[in-house]
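Each chain, letter by letter, is given below.
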Amino acid sequence: MKIGIMSFAHMHAYSYADSLEKIPHVEIAAIFDEDINRGKEVSAKYNVPHYSNQTDFLNHSMDAVIICSENSRHKEMVVNAAKAKKHILCEKPIATNVEDANEMIEVCEEHNVTLQIAYPVRFSSPIQELKKMIDQGELGEILAFRTTNRGQNPDGWFIDKAQSGGGAVLDHTVHMVDIMRWFLNEEVVEVKSYVDSYFHNIDIDDVGLLTLEFANGVIASHDASWSRFTEYPTWGDVTIEVIGTKETVKVDAFKEHFRIFSNGKKSLEHHFFGNDMDFGLILDFVNCIREGKQPSITGFDGLKSLEVALAAYESNELKEVVILKD
Amino acid sequence: MRRAEIIGNIILSDLEKINTHSTLANLTILKSLDEISGSSNENTNYVVATTEYAKAIASKKENIYLPYSLLMEKHRNDQVFVYFELEAFPFFHSFSQIIKNEPQPKGVFRFRRTSSKESLQSLMAGELYMFSSLFGELKDIHINKTDSSKVPRHMIIMLHFENGTMAHIEYTVGNQEKIELEWSGIKSIVEFDSDQMKPITPNDKTKSPLTYSVDAILSSARVLDEKVFLQLDDFQKLLDGGAQK
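For the protein sequence lines, the chains are A and B, in the order given. With this note's numbering, you'll find the first sequence wraps up at 326, consecutive numbering, no jumps. With this note's numbering, you'll find the second sequence wraps up at 245, consecutive numbering, no jumps.
Please note: incorrect hints may appear among the correct ones.
Stated by the list, open to error - Partner residues aside, some chain A positions facing chain B, computed with beta carbon under 7 Å:
1) N47
2) L139
3) I142
4) Y194
5) F199
6) N201
7) I202
8) V207
9) S221
10) V249
Claimed, not checked - No more than 30 Å apart at the CA atoms, straight line, and that leaves these computed lysine-lysine pairs for BS3-like:
11) B:K139 / A:K325
12) B:K74 / A:K250
13) A:K161 / B:K187
14) B:K100 / A:K319
15) A:K132 / B:K187
16) B:K106 / A:K266
17) A:K250 / B:K198
Stated by the list, open to error - So the derived label-pair ranges between C-beta atoms look like this:
18) A:G274 / B:E177: 27 to 37 Å
19) B:K150 / A:I260: 50 to 60 Å
20) B:K205 / A:G236: 32 to 42 Å
21) B:K150 / A:H111: 27 to 37 Å
22) A:S262 / B:K205: 27 to 37 Å
Just so you know, the hints here were simulated from the structure itself, not pulled from any lab data. On a predicted model such as this, the values are computed, not experimentally measured, just so you know. Ideal Cβ positions, reconstructed from N, Cα and C, are used throughout, including at glycine.
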């Protein structure tokens with residue numbers, strides 16, 4: 001199977017490319033990147049052709065593409081790739097607004113190509129173990145969630161609203177909303193939030209707290225931020241606690257680590273040795289295409305998690321609860 | 001029968017949480033106030049379980065120390081010394097000092113308490129008062145609760161304080177005592193989890209770090225004035241859903 005990569009603007013592209021190289025009978029077909037220097041660099045690194053023209057790239061022989069551009073360009077690239085009959089794995093968030101997300105889903109359906117959204121947290125081993133516990137009824141009925149996704153300021157286009165569509169709240173809400181929806185099989189119907197910019201003196205949000213309510217009455221708290229500074233022992237976290245009628249279980253996706261102490265700038269560093277969730281995501285995408293299966297994370301999943309993140313901004317702006325349609 | 005007046009301080013507390021090793025005050029822990037048979041000592045702090053509340057009030061009106069969550073409305077004018085349990089915990093005392101020393105005390109505060117106490121309302125009101133003392137007046141509050149017919153009951157309180165700090169305060173009624181606290185400030189992160197900070201394993205061998213000294217109770221307790229009671233009543237109403245910020 002041949003898979004191309006459209007843009008290395010998002011840092012996950014490197015990890016996805018590394019993952020593709022590990023999968024037997026899969027090759028990186030070509031790279032498209034309008035940033036000529038970056039394109040040449042990755043072309044040399046992965047020893048594949050580089051295109052700076054999208055049409056030429058999409059004319060190259062390949063089965064699928066992985067899109068890791070700036071968020072604002074997801075729609076354009078998804079639409080073009082779908083029209084060129086390529087299956088698509090699109091980095092999250094699916095888009096910067098609901099209209100674009102809907103159009104992307106429709107175009108992919110129209111051209112009968114897969115649209116999968118890159119939510120690698122679904123492929124974290126402890127998250128998958130928790131999903132299994134829930135499905136087997138070990139926790140009983142779910143009553144509440146507590147989630148966090150805090151990291152460092154990614155800087156660059158991420159802090160330019162025109163390109164990213166939003167700051168930390170958009171970047172770090174969609175992952176955990178996706179996980180909660182996956183666990184519960186229900187949609188968020190109420191969002192109340194506070195959003196601000198504390199940590200980096202930037203013109204975009206770097207912090208947000210959200211309180212959510214699902215259609216079945218389950219409540220959730222979520223902490224999304226770019227609050228972790230470079231001296232902090234790790235880049236950030238992904239945690240979820242599920243409060244059930246039989247048991248409460250907490251998962252920290254990056255808990256499996258060494259503590260490394262040194263006399264450098266960072267006196268304590270966490271060295272993660274758990275499973276590679278990015279590899280799990282890429283392998284799943286490849287298998288879905290190979291077997292002609294429905295994607296495990298659909299465009300609709302991307303849309304619903306995007307709606308919650310956008311509702312958080314609206315709630316903060318209006319200073320009231322935002323009601324979403326189930 | 002009229003009870004003989006007890007000389008000395010009577011401290012009502014959860015006896016399992018009293019750390020006698022770190023207490024300098026002269027201390028006598030009693031199962032019941034009945035154990036004092038007319039020979040009480042004015043320099044002694046008699047520590048008894050909170051269940052002795054009625055007897056303590058009947059014995060004397062002064063020098064009674066009790067947690068805010070125990071204070072009945074009818075005894076508000078009795079000049080009793082009230083303490084907030086959270087304030088007596090050493091970890092929270094240290095945390096408060098860190099926040100007070102922050103040049104820009106603005107950030108994200110997350111607090112989660114699991115408690116076996118069935119009635120958490122007054123405990124929560126007291127703790128909201130503590131947080132408000134630290135971060136400033138409440139600008140906004142939003143409360144979500146799980147279905148009260150299902151256990152465990154869980155409550156999410158989202159707060160926005162005057163100084164810009166935002167917070168999630170969460171309470172679960174559970175079968176163990178547990179507190180988690182996090183502060184994400186500007187270039188400063190504080191993390192505390194009582195389960196992870198237990199100095200003895202297996203964990204059930206000790207109540208630490210959720211213990212406090214009698215000295216901490218004595219130094220933090222105060223006679224609450226009308227203004228504080230009004231503030232606490234306001235928090236109580238907010239928790240009951242009867243008032244809006």
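Next on the checklist: I want to verify a distance hint. Is the separation of the beta carbons of A:S262 and B:K205 within 27 to 37 Å?
Outcome noted: For A:S262 and B:K205 the Cβ distance comes to about 34 Å; the hint holds.
Item to check | Given pair status - A:K319, B:K100, alpha carbons within 30 Å | outcome: holds, 28 Å
Next on the checklist: Checking hints one by one. Is A:S221 an interface residue toward chain B, by the C-beta closer than 7 Å rule?
Outcome noted: holds, 5 Å
Next on the checklist: Is the interface hint satisfied for A:Y194? The criterion is a beta-carbon contact with chain B at less than 7 Å.
Outcome noted: holds, 4 Å
Checklist entry - Minimum Cβ distance from A:I202 to chain B below 7 Å? => result Result: violated, 13 Å to nearest chain B Cβ.
Checklist entry - Quick one: are B:K150 and A:H111 within 27 to 37 Å, going by C-beta? => result Since the Cβ atoms of B:K150 and A:H111 sit about 46 Å apart, the hinted range of 27 to 37 Å is violated.
Checklist entry - Any CB of chain B closer than 7 Å to the CB of A:V249? => result Status violated, d = 13 Å.
Checklist entry - Should the interface hint for A:I142 be scored as holding, given a Cβ-Cβ cut-off of 7 Å against chain B? => result Cβ of A:I142 sits 10 Å from chain B, so the hint is violated.
Checklist entry - Can A:N201 be said to touch chain B, with a Cβ gap under 7 Å? => result violated, 10 Å
Item to check | Restraint satisfaction for A:L139 [CB to CB of chain B, less than 7 Å] | outcome: violated, 12 Å
Item to check | 27 to 37 Å as the expected CB spacing between B:E177 and A:G274, which holds or is violated | outcome: holds, 30 Å
Checklist entry - Any CB of chain B closer than 7 Å to the CB of A:F199? => result Interface hint status for A:F199: holds (6 Å vs cutoff 7 Å).
In summary, the structure is inconsistent with hints 1, 2, 3, 6, 7, 10, 12, 15, 19, 21 from the numbered list given earlier, while agreeing with the others.
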